[in-house]
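**Q** Listed here are the chains, written in short residue letters.
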Amino acid sequence: MSDALIRHEPVSETPCVAHGVRISLAPPMQRYTLRARYAQDLERVFKVKIPSKIGASEGGIMCLGPDEWYLRRQAGATIPTSEGLPVAVADVSERSICLVIEGPRAAEILMSGCPLDLDQFAVGRATRTIYETVEIILIREAEDRFHVEVWRSFAAWLWMAMTTAARH
Amino acid sequence: MILIHCPYCDEKRPEIEFANAGQAHIARPLDPSGQTDAEWEAYLFIRANPRGRHHERWRHVHGCGRFFNAVRDTVTDKFEATYKAGEPRR
Numbered sequence: 349m350s351d352a353l354i355r356h357e358p359v360s361e362t363p364c365v366a367h368g369v370r371i372s373l374a375p376p377m378q379r380y381t382l383r384a385r386y387a388q389d390l391e392r393v394f395k396v397k398i399p400s401k402i403g404a405s406e407g408g409i410m411c412l413g414p415d416e417w418y419l420r421r422q423a424g425a426t427i428p429t430s431e432g433l434p435v436a437v438a439d440v441s442e443r444s445i446c447l448v449i450e451g452p453r454a455a456e457i458l459m460s461g462c463p464l465d466l467d468q469f470a471v472g473r474a475t476r477t478i479y480e481t482v483e484i485i486l487i488r489e490a491e492d493r494f495h496v497e498v499w500r501s502f503a504a505w506l507w508m509a510m511t512t513a514a515r516h
Numbered sequence: 002m003i004l005i006h007c008p009y010c011d012e013k014r015p016e017i018e019f020a021n022a023g024q025a026h027i028a029r030p031l032d033p034s035g036q037t038d039a040e041w042e043a044y045l046f047i048r049a050n051p052r053g054r055h056h057e058r059w060r061h062v063h064g065c066g067r068f069f070n071a072v073r074d075t076v077t078d079k080f081e082a083t084y085k086a087g088e089p090r091r
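If you read the protein sequences in the order shown, they are chains U and L.
For the first sequence, the residue numbers in this note's numbering are 349 to 516.
For the second sequence, the residue numbers in this note's numbering are 2 to 91.
Just so you know, not all the hints are guaranteed correct.
Dumping the calculated DSSO-like pairs for lysine-lysine here, alpha-carbon to alpha-carbon at most 27 Å [claimed, not checked]: (1) L:K79 - L:K13; (2) U:K401 - L:K85; (3) L:K79 - U:K397.
Sample of chain U residues at the chain L side, in silico, Cβ under 7 Å [what the hints assert, rightly or not]: (4) I402; (5) G413; (6) P414; (7) E456; (8) G472; (9) R473; (10) I478; (11) T481.
Simulated DEER-style distance windows between Cβ atoms [claimed, not checked]: (12) U:E489 - L:A86: 44 to 52 Å; (13) L:D11 - U:E491: 22 to 30 Å; (14) U:E491 - L:H6: 42 to 50 Å; (15) L:A39 - U:D465: 20 to 28 Å; (16) L:H6 - U:S400: 18 to 26 Å.
To be clear, the hints were calculated from the coordinates, so they are not data collected in a lab.
Think of the CB as a built atom: it goes at the ideal place given N, C-alpha and C, for glycine as much as any other residue.
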């Protein structure tokens with residue numbers, strides 16, 4: 349993780365507050381992509397239950413595909429070693445940033461560009477999807493709070509698109 | 002927007018998350034060097050282009066990332082079935 353002093357964020361660090369919605373940048377996090385043929389092998393590494401249904405999340409671990417999980421931890425956290433087990437754990441902390449969309453209009457703002465039916469997207473679910481043309485990971489933290497994980501290089505555009513939608 | 006059933010996610014997802022990946026059930030010859038030029042050409046380039054029921058590979062690229070097979074009607078654009086890669090032809 350890069351030094352906080354030289355950290356340069358691709359989007360504004362001042363939250364965008366509009367009618368019924370607030371869009372802000374989440375603090376830096378540790379992110380890992382986990383790959384394994386069998387979830388049990390990851391359970392032996394992390395000693396927690398690994399969700400096996402695609403779209404489910406448990407304890408900060410989200411199941412994105414049949415052999416793919418995404419783990420987020422607060423900055424500075426460490427994870428156990430997976431040495432000797434048939435799993436791949438890669439640190440992708442700086443690959444993406446996280447936008448927090450919250451407020452009663454949060455789902456409406458997301459649905460301006462995301463084709464998922466968010467009425468059917470229960471709290472605790474997480475999935476890779478698309479916003480307009482940008483790939484995102486969408487996480488429903490609460491009824492009116494979403495996390496949007498987006499690659500840094502797409503973040504400036506996504507911020508512009510979402511804040512524009514929020515101000516309409 | 003069409004909704005496509007992803008057999009891995011086991012739910013209907015918007016078409017924009019998917020990418021078409023050509024005709025399905027084309028097996029690579031086990032012994033490529035034993036093929037005649039005509040056979041190799043057929044394997045590489047010759048594809049069916051039916052009017053109606055067509056077996057295709059699709060990829061849930063902005064989702065679980067997996068390839069799967071689908072039966073789609075090329076006239077109506079309706080998906081008759083989708084099933085996991087490796088399962089027998091429907």
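**Q** State the violated hints by number, sorted upward, taking the hints as numbered earlier in the document.
**A** 3, 7, 8, 9, 11, 12, 14, 15
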